[in-house]
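Enquirer: If you want the building blocks of each chain, they are given just below.
2 protein chains.
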Amino acid sequence: MQDLSGKTVIVLLSGGLDSMVCAGLAREAGARIVALTVDYNQRHRVELDSAARIATAVGAAEHIVLPLDLRRFGGSALTADIDVPKDGVGEDIPVTYVPARNLIFLSLTLGLAEARRSQDIFIGVNALDYSGYPDCRPEFIAGFQHLAQLATRDGDKGVDFAIHAPLQHMTKADIAAEAARLGMDAGMSWSCYDPTPEGLHCGLCDSCRLRRKGFADAGLADPTRYAVEA
Amino acid sequence: MQDLSGKTVIVLLSGGLDSMVCAGLAREAGARIVALTVDYNQRHRVELDSAARIATAVGAAEHIVLPLDLRRFGGSALTADIDVPKDGVGEDIPVTYVPARNLIFLSLTLGLAEARRSQDIFIGVNALDYSGYPDCRPEFIAGFQHLAQLATRDGDKGVDFAIHAPLQHMTKADIAAEAARLGMDAGMSWSCYDPTPEGLHCGLCDSCRLRRKGFADAGLADPTRYAVEA
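If you're matching them up, the sequences are chains V and Y in order.
The numbering of the first sequence is this note's numbering, which starts it at 1 and goes up by one.
The numbering of the second sequence is this note's numbering, which starts it at 1001 and goes up by one.
This is chain V alone, in the form it adopts within the complex:
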């Protein structure tokens, strides 16, 4: 990671393991962190508490939690009354896909970047151990970076925006190991799409399965409390 000392960066912080490590890498690079969390009225709004803990842990200069009620649109198991699949990670893009979510969220980070005179945006997408969401793929991130130049006043004036996706080519095991290397407590983060009434990770949704497999493959203790054991 390049040295970002003295630079303000915008970190898209969901509260999940990936965004936690992404924020940790921005901190390690010496950046001044402005964290953005979108409260999109998601099924697993408990992740907002994790985002707040992580923002504190990385010493964020500012943490904006922005309400944006995507339940008004619906169309996803995370924003409508559609069951979260529990039968394992499949080949197709699953119903937990939220229409255009990463494009919406990156667009918001870009607006915030301009307003804070930042040109660096961090997002924790990865396209190896993931659910096949199109908006996690490298070509989407590259396309967004290109469009950022056309979409903004700063881009028009020649500022080069950089969309940093440092986990892009990591497996979930790599990410779990990276959390350990950074000395971050992965127990701060939240992954489950369908938390139990007792506030546990369900253990069966795609996101729980990927998380659990990551710690196992990395040979690391998993701090997560799952309702269903492996």
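These aren't lab readings, by the way, just hints derived from the structure by calculation.
Even glycine gets a Cβ: it sits at the ideal position worked out from N, Cα and C.
Some hints could be false.
List of simulated lysine-lysine pairs, BS3-like, C-alpha gap at most 30 Å [claimed, not checked]:
| # | chain 1 | residue 1 | chain 2 | residue 2 |
| --- | --- | --- | --- | --- |
| 1 | Y | Lys1157 | Y | Lys1007 |
| 2 | Y | Lys1157 | V | Lys86 |
| 3 | Y | Lys1007 | V | Lys157 |
| 4 | V | Lys213 | Y | Lys1007 |
| 5 | Y | Lys1007 | Y | Lys1086 |
| 6 | V | Lys157 | Y | Lys1086 |
| 7 | V | Lys7 | V | Lys213 |
Every beta carbon over 12 Å from chain V, so not counted as near; a handful from chain Y, in silico [said to hold, decoys possible]:
| # | residue |
| --- | --- |
| 8 | Phe1073 |
| 9 | Val1089 |
| 10 | Arg1117 |
| 11 | Gly1187 |
So the derived list for chain Y, only partly shown, Cβ under 10 Å to chain V, looks like this [unchecked claim]:
| # | residue |
| --- | --- |
| 12 | Gly1074 |
| 13 | Ser1076 |
| 14 | Thr1079 |
| 15 | Arg1116 |
| 16 | Arg1153 |
Please build the complex by placing chain Y on the supplied structure of chain V, with the hints as guidance.
Expert: Relative to the frame of chain V, chain Y by itself:
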């Protein structure tokens, strides 16, 4: 305009003259209209009332007014305590530019399009009589349409999204004439960035100047009540 009978389209509806005519053209094309208005805590929130009137006038099947508080970001005369310029339309991009606004709004329309199984989005941008905002230019709109394919599940499955910007190459006089041709009452719409306490158009901001000049150049009666006469 192509025939859109039976198709659901998403219309980005600010409540201004341009979005009004844009919605009128979608209606004329026979489309079923889902209108999206973003309440971004803008200085001229009175435009939301106009958006509601226009949505009714065009017979929108659905009108979503979505709160998204861009004042949390600031960085614009429309979303922060910065004076709205009153000295005429200049060469530079003015401080009324809202960071990444059209990218944020188009991203939202794209998410809504996917959720409503629509592939057609209408936006009333034009790049002739405008304030030089980069996110009104044809290359931005084309770039967004390209990225829409990479950003979405539907795009991944081969659905071709179309971003319709039917006012792209119209002057403000053309747009005023188009409103008349469509039989729409331009008095429904709101343009002013800095409404007076009495609820009048200020008459001096860029948006008022462009609006007034449009009606004058078209040789049409201007239904607008300006605080300062020409």
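Enquirer: All hints, please: hold or fail.
Expert: Here is how each hint holds up against the structure:
Of the supplied pair hints, the one linking Y/Lys1157 and Y/Lys1007 holds, its CA atoms being roughly 19 Å apart against a limit of 30 Å. With a C-alpha separation of about 23 Å, the suggested pairing of Y/Lys1157 with V/Lys86 holds against the 30 Å cut-off. At most 30 Å may separate the alpha-carbon atoms for a hinted pair to count; Y/Lys1007 and V/Lys157 exceed this at roughly 39 Å. With a CA separation close to 44 Å, the supplied pair V/Lys213 and Y/Lys1007 exceeds the 30 Å bound.
With a CA separation close to 42 Å, the supplied pair Y/Lys1007 and Y/Lys1086 exceeds the 30 Å bound. Only pairs whose Cα atoms come within 30 Å are accepted, and V/Lys157 paired with Y/Lys1086 is accepted, the gap being roughly 23 Å. For the hint pairing V/Lys7 with V/Lys213, the CA-to-CA distance comes to about 35 Å; that exceeds 30 Å, so the pair is violated. The beta carbon of Y/Phe1073 is not kept farther than 12 Å from every beta carbon of chain V, the shortest such distance being approximately 4 Å.
Distance to chain V confirms Y/Val1089 as a non-interface residue, since its nearest Cβ pair spans about 16 Å, more than 12 Å. At roughly 9 Å, the least C-beta separation between Y/Arg1117 and chain V is not larger than 12 Å, which violates its mark as non-interface. For Y/Gly1187, the non-interface assignment is confirmed: its Cβ lies about 29 Å from the closest Cβ of chain V, beyond the 12 Å cut-off. A distance limit of 10 Å between C-beta atoms decides the matter here; for Y/Gly1074 the minimum to chain V is near 5 Å, and the interface restraint holds.
Hint status for Y/Ser1076: holds, given a least beta-carbon distance of 8 Å to chain V, under 10 Å. Restraint check, Y/Thr1079 versus chain V: the minimum CB separation of about 8 Å is within 10 Å; hint holds. A least Cβ separation of about 8 Å between Y/Arg1116 and chain V falls short of the 10 Å threshold, and the interface hint therefore holds. Checking Y/Arg1153 against chain V by beta carbon gives a least distance of about 5 Å; that is within 10 Å, so the hint holds.
The structure is inconsistent with the numbered hints 3, 4, 5, 7, 8 and 10, although it conforms to all the rest.
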